[in-house]
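> Top line first, the protein sequences correspond to chains A and B.
Residue 253 in the working numbering is what sits at position 253 of the first sequence, and the numbering runs on without skipping anything.
If you want the working numbering, it's the position in the second sequence, counting the first as 1, plus 309.
Read the hints as simulated data drawn from the structure, not as lab findings.
Using N, Cα and C, we set each Cβ at its ideal position, and we do this for glycine too.
Incorrect hints may appear among the rest.
Mimicking DMTMM-like on lysine to aspartate or glutamate, the simulated pairs with C-alpha atoms at most 25 Å apart in a straight line are [what the hints assert, rightly or not]: (1) A:LYS143 x A:GLU222; (2) A:LYS4 x B:GLU356; (3) B:LYS319 x A:GLU85; (4) A:LYS18 x B:GLU356.
Facing chain A, from chain B, some residues (calculated, C-beta under 10 Å) [to be verified]: (5) ILE315; (6) MET327; (7) VAL343; (8) MET351; (9) ILE370.
Covered stretches of chain B (in silico footprint by chain A; criterion: 3 or more residues with CB under 8 Å from a CB of chain A, positions within the stretch not fixed) [unchecked claim]: (10) 318 to 326; (11) 334 to 342.
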Amino acid sequence: MKCKTCGEKAVVNMKQHKLALCREHYLEWIPEQTARFIKKYWMFGLDEKILVAVSGGKDSLSLWDILQRLGYQVDGMYIGLGIDENIGYSEESHRLAEKFANERGLKLHVVDIQKEYGHSIPALAQLSNRGHGRPCSVCGLIKRHEMNRIAHDLGYDVLATGHNLDDEAAVLFGNTLKWSKEFLLRQKPVLPGHDGLARKVKPLCRFYEKEMTAYAMLRGIEYIYEECPFSVGSTTIYYKELLNRLENERPGAKLSFYLDFLDARENGLFADDVVKTEPPLFNCPTCGQPTRYEGKCSFCRMMERVEEK
Amino acid sequence: MTVKLILRGKEYEVKPGMNLLDSLKKADILPEGVIATRNGEMILEDEILKDGDVVRLIAVISGGTV
Numbered sequence: 001m002k003c004k005t006c007g008e009k010a011v012v013n014m015k016q017h018k019l020a021l022c023r024e025h026y027l028e029w030i031p032e033q034t035a036r037f038i039k040k041y042w043m044f045g046l047d048e049k050i051l052v053a054v055s056g057g058k059d060s061l062s063l064w065d066i067l068q069r070l071g072y073q074v075d076g077m078y079i080g081l082g083i084d085e086n087i088g089y090s091e092e093s094h095r096l097a098e099k100f101a102n103e104r105g106l107k108l109h110v111v112d113i114q115k116e117y118g119h120s121i122p123a124l125a126q127l128s129n130r131g132h133g134r135p136c137s138v139c140g141l142i143k144r145h146e147m148n149r150i151a152h153d154l155g156y157d158v159l160a161t162g163h164n165l166d167d168e169a170a171v172l173f174g175n176t177l178k179w180s181k182e183f184l185l186r187q188k189p190v191l192p193g194h195d196g197l198a199r200k201v202k203p204l205c206r207f208y209e210k211e212m213t214a215y216a217m218l219r220g221i222e223y224i225y226e227e228c229p230f231s232v233g234s235t236t237i238y239y240k241e242l243l244n245r246l247e248n249e250r251p252g253a254k255l256s257f258y259l260d261f262l263d264a265r266e267n268g269l270f271a272d273d274v275v276k277t278e279p280p281l282f283n284c285p286t287c288g289q290p291t292r293y294e295g296k297c298s299f300c301r302m303m304e305r306v307e308e309k
Numbered sequence: 310m311t312v313k314l315i316l317r318g319k320e321y322e323v324k325p326g327m328n329l330l331d332s333l334k335k336a337d338i339l340p341e342g343v344i345a346t347r348n349g350e351m352i353l354e355d356e357i358l359k360d361g362d363v364v365r366l367i368a369v370i371s372g373g374t375v
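Just chain A, same shape as in the assembly (with noise of 0.2 Å):
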């Protein structure tokens, strides 16, 4: 197969796209698109400062590398899980998130939970009793206030993560079984900022996670291959094992799911419910961050159940 820009060979071939592209090329089309999936969506402008949020893996690392490359002011954060599982997980994506800074110059913060806390996440997913014996759930919720509690601190305009659209199409998918309409509400490349809370951005949410690893390879960007041990047989990549089997027999398949409810959205397919479903935000009296309910919120709740025992 031959690059369709210069007739070499190619390396990468997106068949959604109808694209195959050689090493060099394909470097310079992932920037070129994001570049214009921000701009398209509203996410930010150079004069902003973005903080991505980083976990040692192949997407959050090549964003961070991507957005250095298009010259915006970009540092990184990494919140340290303490999850070991006898593989040393954590310490092994530190290491990879340290190692890609330092080798680059630049800035990344860290916060370890356990320090931070007294725990770790799966220590805390068991004292809060909160997951069902998973720390899945713990740990979005603490990794969601962390990134707010560090992006608002510091400074930061904007909060960026990683997502690709195969996880974005996962998660559609799972709320379009269960027709969770809040969630599904609330699935977008941009997320508004609200008082003491950063705008959340998607720049990668475009490219499927085929697409991200190529790049990361290709970059020479070392990233943490081995999957998160409590995340192996979880729904999520049981979806994304569906949604790929539909691929591989329709190309583009994933991605039409996905762009075409961004669309339907956009069109008003849940109009009629947005005043009704949309609350408005409370700020929590312990900490600060906007929560959906009036007094505390999720993550003071659960620390708290937490230092009772």
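Since the structure of chain A is provided, determine the placement of chain B on it from the hints.
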């Protein structure tokens, strides 16, 4: 001689002379879920695999911790 496909430490043997896409199908591996490399270079689905080729497959799905 055969062609060897390696994914997450597991080895699959397929006949030489087929392209990568057919080889993945024979091994019951979903092409959308992997990137294939041979001698450190990424290869595409139309690549014909020869006797003695060792193809390392990189799984693309991750659970994500951010």
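> Hint by hint, work out which the structure violates, then give me just those numbers in ascending order.
Violated hints: 5, 6 and 10; rest satisfied.
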